[in-house]
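K.L.:
Place chain B on chain A using the hints.
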Amino acid sequence: MKRMRSRWIGLGVLVAGAGLLVAGCGSSSSSGGSSSGAATRGGTYRVETTDFGFSDNFDPTGEYTTQAWGIYRGLLIRTLVGYKMTAGVAGNTLVPDLATSLPTPSNNDETWTFTLKPGVRFSPPVNRVITSHDIAYAFERIATPSLAAQYAFYYSNIAGWGAYAAGKAKTISGITTPNNQTITFRLTTPTPDFLYRMSLPATGPIPEEVAKCSTAPGGYGRDLISSGPYMIQGSAQLKITSCAAIQPLSGFDPASKLILVRNPNYNPATDSTSMRTALPNGFSFVINTNQTDIFNRIRAGLADDSLNTPPASIIASVAADPSQKSLVKSNSGDGTNYISMNLTQPPFNDIHVRKAMNLIMDKAGLQQAAGGPLFGQIATHIVPNTMYNDDSSITGYDPYPSTNSAGDLAAAQAQMRLSAFDPKQDGLCDAAACKNIFTITGNTDQDVNEVPVIENALAKIGITLNIRELPPSAEGATVSTVAKNIALALSQGWAKDYADPSTFMNLFASSSIAPVGNINYSLVGLTPPVAKQLGVTIPKGTTIPSVDSQIQTCAAIAVGGARQSCWIALDKYLMENVVPWVPYLSTNQVHLVSSAVTAWDYDQASDTTAYSHVAVNPAKQSS
Amino acid sequence: MFWTRFRARKSAMIALGFLVLLTLTAIGAPLIADLVGHGPNDLYRTTMLDQYGLPKGPNASFFFGADSAGRDLFVRVIYGARVSLLVGVVATGIAVIIGVSLGLLAGYRGGILDTVLSRASDVVLAMPLLLFAIGISSACSTTSQGCMKGTLTPGLNLVIVIIAIFSWPAMFRIVRASTMSLRQSGFVESSRAIGMNGRNIMFREILPNLLSPIVIYSALLIPQSILFEAYLSFLGLGIPDSTPSWGGMLNQASQLFTVAWWLMVFPGVFLLATVLAFNLVGDGLRDALDPKFAR
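Going down the list, the sequences are from chains A and B. If you're matching positions, the first sequence starts at 1 in my numbering and goes up one per residue. If you're matching positions, the second sequence starts at 1 in my numbering and goes up one per residue.
Calculated from the structure, these hints are not laboratory results. Among the hints, a few may not be true.
Selected chain A positions facing chain B (in silico; Cβ < 8 Å) [said to hold, decoys possible]:
| hint | residue |
| --- | --- |
| 1 | Ile315 |
| 2 | Ala319 |
| 3 | Glu455 |
Cross-link-like lysine-lysine pairs, in silico, DSS-like; alpha carbons within 27 Å at most [unchecked claim]:
| hint | chain 1 | residue 1 | chain 2 | residue 2 |
| --- | --- | --- | --- | --- |
| 4 | A | Lys435 | B | Lys149 |
| 5 | A | Lys532 | B | Lys56 |
| 6 | A | Lys325 | B | Lys56 |
| 7 | A | Lys460 | B | Lys56 |
| 8 | A | Lys484 | B | Lys56 |
| 9 | A | Lys540 | A | Lys424 |
Using N, Cα and C, we set each Cβ at its ideal position, and we do this for glycine too.
Only chain A is shown next, with the shape it has when bound in the complex (with noise of 0.2 Å):
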């Protein structure tokens, strides 16, 4: 798993941590609408994977992986607002799906109504309709500290939050509930991506009659209620007379399987086509230790899916069969792989130093360790393309270029002889700072094929590393601890939460910079005050910079193409000016199918294969 703080993705799923991915099909652009024969409805989807992964047992108040979200969205929760479940700029572009539509804000952004759509009903065995309280409940549960949310700091500025989740308030104030259709959100500060925050899954309804039986973190997981097209197997029978009456569902153990059925409540003509057209009669996710085999049964029909992503030696195989070659599905997964150089470390304070790292990296190395073009695409700045809707005024942005993205070596050394560790002005990073420089990185298969490919383009310029290679936990606590002054992080990665390039910018936020579970490694914006209070000496005659009141100017602006603009220009300042990444993949996400697959959408949103998109025909399954 790639360090994904923005939104921790399951095991083996980004490409990033996915082993040896050394495969492709051609280009990294394989979308939707893969189909070896007609999408009818029936039939099971079949999904192997060697471990759920999951962050909160499921529980959507806490979850916070990539796979659980794509199976909320297309198969269990519908929220206020969602997406059309298909892959590039439509996917990422918000549609109503529990409201009737996309509600205009007002008071400068700071007050958002929104009125369901009638006649919406929770799977069995709640069976009732849904309502603006179901929604208001989820909140509660999510500023409900005990319950562990992952995410409540996009909420934290509902008015009346933090009362709440102090324990001072019975309600949230800056949530109201007029009537059974209408909910109102007053925010402290003007939010135009409030929409965004309002498609991620926690916020979509929970029965309170169920939940509230659910006191620790994680707990609800096992008892979830639909509001989708599915619902978890045994809901059903599932009993909810008193608290001490439910019962796990039979449905789910996070250790073996998740299996989901048709919710019969379930009413299409209170959705869209364009979100879900929900084909196979039920899903089945089950556990399978062995990668290889999963791959293995999908070639031969036994499973058509899987959330881990192919590995090398499957993928080289499908490559090689112009037959199967459609099976394999390249898309991109909205992330950027970069390392990290902390600007309050020698030789990484002086930004000659850093532009000299960027200038030299074998960009294009790397993109062979990832597996070459379909696991992702060279990046160039900071925030992926997709991101920015291909905006024209970045795709063909970048401020260290190179002939084939293998480094340019000239343009590297004369940045480092404007550096103050070139003392001999040779072009080499002289001074003893830059000697074995420690440095953190995974020891997943991908992490350390990377390795050699920095340490050889570092050496041109005087730079060698004392590499640590540590396995993926390990690595994100010692990076995420200021006090443990890592220099340099390599093999990071960082995944949107949604489409707007605020989930990427904040890392760059003074705001960002905790002791432990930071996630602004180069800690931009870090002031004389804050790094004594971490342990963290700043060299002499260093100057951090900030960009938080750039962060602030385009957090303020409307949704759309201003705003757009304004992270546009950021993202360059940041690539020119402060130089805090070498950014070096625009991930993609890399999925396998069998051949019983008959219809298969990205969801762009979610960053996984559509669940409610595809379908299979069970005639062509194997068993």
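P.N.:
Chain B alone, transformed into the frame defined by chain A:
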């Protein structure tokens, strides 16, 4: 007499010849790399990786093919011999020094000292070796200082220390038992009678009589150390990737061997042959040094 007996074991002689050749190859690794024209960390990704990033197999320039980063596997296997031999010999050496010293002390002095040292060796033997090694490796990897104020930093030195820590008790037990037996013998009694002090008795009288079991067991301990290093590197806890090691290469091969057999075969064969050779030499030494095993 010893050499005659040893030479009589053809398998031991062949194994010894292989080890001598391997040692010379390891020492001359930079020279071989120069002759081949490929350094152990030089990347040939445009020529030795295909469009999918998969390594290409053996050819006239890359005798063992390339690894998954596009490096010359032949050169890396040769360099890997350095690590294996270094770890095997140094870790075993440290374990032997500790085991022999403590074994002599415990066996000769007896009493509380013997009880404490024996229980200490029992504790070490009772530890879940691999888990402990993983714990130390992980704990010492998250800061630039490593562990114990920089005494233990990840890499070759840490691997050697870990192996030595877990290898000395077996040698300790052998030496202790033999010493306890020898301290009652006539020549030790005579030395004591003429006023020789304990240290001299241990190291001048008893130790020379223990050389055979020590040499034999050391020869058998070396392959264990080499394998242990391979285990640690296979788990990604051993030596950094920039230092070629056979275990690390096998780790890399584990995901790719179905499409790149050479990644598994060449380091695996060298590891197997080296461990087998040390075992055969150990057997030969035992036969040559221990009259009970003489033919």
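K.L.:
Work down the list of hints and note, for each, if the structure agrees.
P.N.:
Hints, verified against the model:
no.	hint	verdict
1	Ile315	holds (7 Å)
2	Ala319	holds (7 Å)
3	Glu455	holds (6 Å)
4	Lys435(A) / Lys149(B)	holds (20 Å)
5	Lys532(A) / Lys56(B)	violated (52 Å)
6	Lys325(A) / Lys56(B)	holds (22 Å)
7	Lys460(A) / Lys56(B)	holds (26 Å)
8	Lys484(A) / Lys56(B)	violated (40 Å)
9	Lys540(A) / Lys424(A)	holds (21 Å)
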